[in-house]
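Q: Okay, here's what each chain looks like letter by letter:
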Amino acid sequence: KAGVTQTPRYLIKTRGQQVTLSCSPISGHRSVSWYQQTPGQGLQFLFEYFSETQRNKGNFPGRFSGRQFSNSRSEMNVSTLELGDSALYLCASSRGTDAYEQYFGPGTRLTVT
Amino acid sequence: DAKTTQPTSMDCAEGRAANLPCNHSTISGNEYVYWYRQIHSQGPQYIIHGLKNNETNEMASLIITEDRKSSTLILPHATLRDTAVYYCIVSRTPSGGYNKLIFGAGTRLAVHP
Numbered sequence: 001k002a003g004v005t006q007t008p009r010y011l012i013k014t015r016g017q018q019v020t021l022s023c024s025p026i027s028g029h030r031s032v033s034w035y036q037q038t039p040g041q042g043l044q045f046l047f048e049y050f051s052e053t054q055r056n057k058g059n060f061p062g063r064f065s066g067r068q069f070s071n072s073r074s075e076m077n078v079s080t081l082e083l084g085d086s087a088l089y090l091c092a093s094s095r096g097t098d099a100y101e102q103y104f105g106p107g108t109r110l111t112v113t
Numbered sequence: 001d002a003k004t005t006q007p008t009s010m011d012c013a014e015g016r017a018a019n020l021p022c023n024h025s026t027i028s029g030n031e032y033v034y035w036y037r038q039i040h041s042q043g044p045q046y047i048i049h050g051l052k053n054n055e056t057n058e059m060a061s062l063i064i065t066e067d068r069k070s071s072t073l074i075l076p077h078a079t080l081r082d083t084a085v086y087y088c089i090v091s092r093t094p095s096g097g098y099n100k101l102i103f104g105a106g107t108r109l110a111v112h113p
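For the protein sequence lines, the chains are A and B, in the order given. Throughout the first sequence, residue numbering follows the working numbering, covering 1 to 113 in sequence. Throughout the second sequence, residue numbering follows the working numbering, covering 1 to 113 in sequence.
Keep in mind that the hints were calculated from the coordinates and are not lab data. Only a predicted model underlies this, so the values are computations on that prediction, with no experimental measurement involved. One or more hints might be untrue.
[Stated by the list, open to error] Below, a list of computed lysine to any residue pairs in the SDA-like style, where the Cα atoms sit at most 25 Å apart:
{"id": "1", "chain 1": "A", "residue 1": "LYS13", "chain 2": "A", "residue 2": "THR53"}
{"id": "2", "chain 1": "B", "residue 1": "LYS3", "chain 2": "A", "residue 2": "ASN59"}
{"id": "3", "chain 1": "A", "residue 1": "LYS57", "chain 2": "B", "residue 2": "ALA17"}
{"id": "4", "chain 1": "A", "residue 1": "LYS57", "chain 2": "B", "residue 2": "ASP11"}
{"id": "5", "chain 1": "B", "residue 1": "LYS3", "chain 2": "A", "residue 2": "ASP98"}
{"id": "6", "chain 1": "A", "residue 1": "LYS57", "chain 2": "A", "residue 2": "ARG109"}
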């Protein structure tokens with residue numbers, strides 16, 4: 001079956017703008033998690049959505065937000081972009097109920113100039 | 001979630017077993033050990049997980065010490081395609097809605113001919 005897909009794969013934005021990233025989970029998966037990966041901080045958990053509700057949250061400012069739709073697709077939004085938001089944003093999906101494995105997408109590479 | 005300690009880097013000859021250690025001395029009774037790996041420029045890939053018994057799947061074996069304070073991931077016949085960063089993660093059971101992975105720095109495994 002098809003894996004996790006993320007769009008766009010690459011994005012260049014200017015400081016102060018906002019950005020929306022999209023993630024389509026594996027068919028049948030109800031949980032979508034978002035992670036940020038930077039050379040300095042490594043892989044950091046942003047938040048997780050299950051059945052359209054945010055169920056788990058990391059330690060990121062309110063500029064980072066997300067949502068999940070009824071078909072389990074998810075979007076994350078970053079407002080008022082800062083240079084430090086340049087990163088690889090990864091999304092992962094899982095069944096969501098007693099699911100031990102998370103399946104990651106290829107990521108969206110965001111560059112803020 | 002309990003903290004893990006892994007060597008920064010390791011080398012392995014192609015065809016030999018790669019044994020990747022992980023210390024998690026503060027692990028709690030309801031926490032699992034997970035292993036993921038990330039091949040350059042790709043999203044992380046789930047490998048295996050375990051609670052207290054040794055586990056094996058088509059990718060690897062996981063050996064957890066009796067006191068559960070450390071574990072070893074074994075790739076029985078390493079190939080060049082196993083060159084990646086390997087992450088050992090300790091996390092609560094996903095039962096009850098907890099579903100997030102806290103990544104450390106991982107071990108960079110280089111498999112050479």
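Q: Checked against the structure, which of the hints given earlier come out wrong?
A: Numbers 1, 3 and 4, in rising order.
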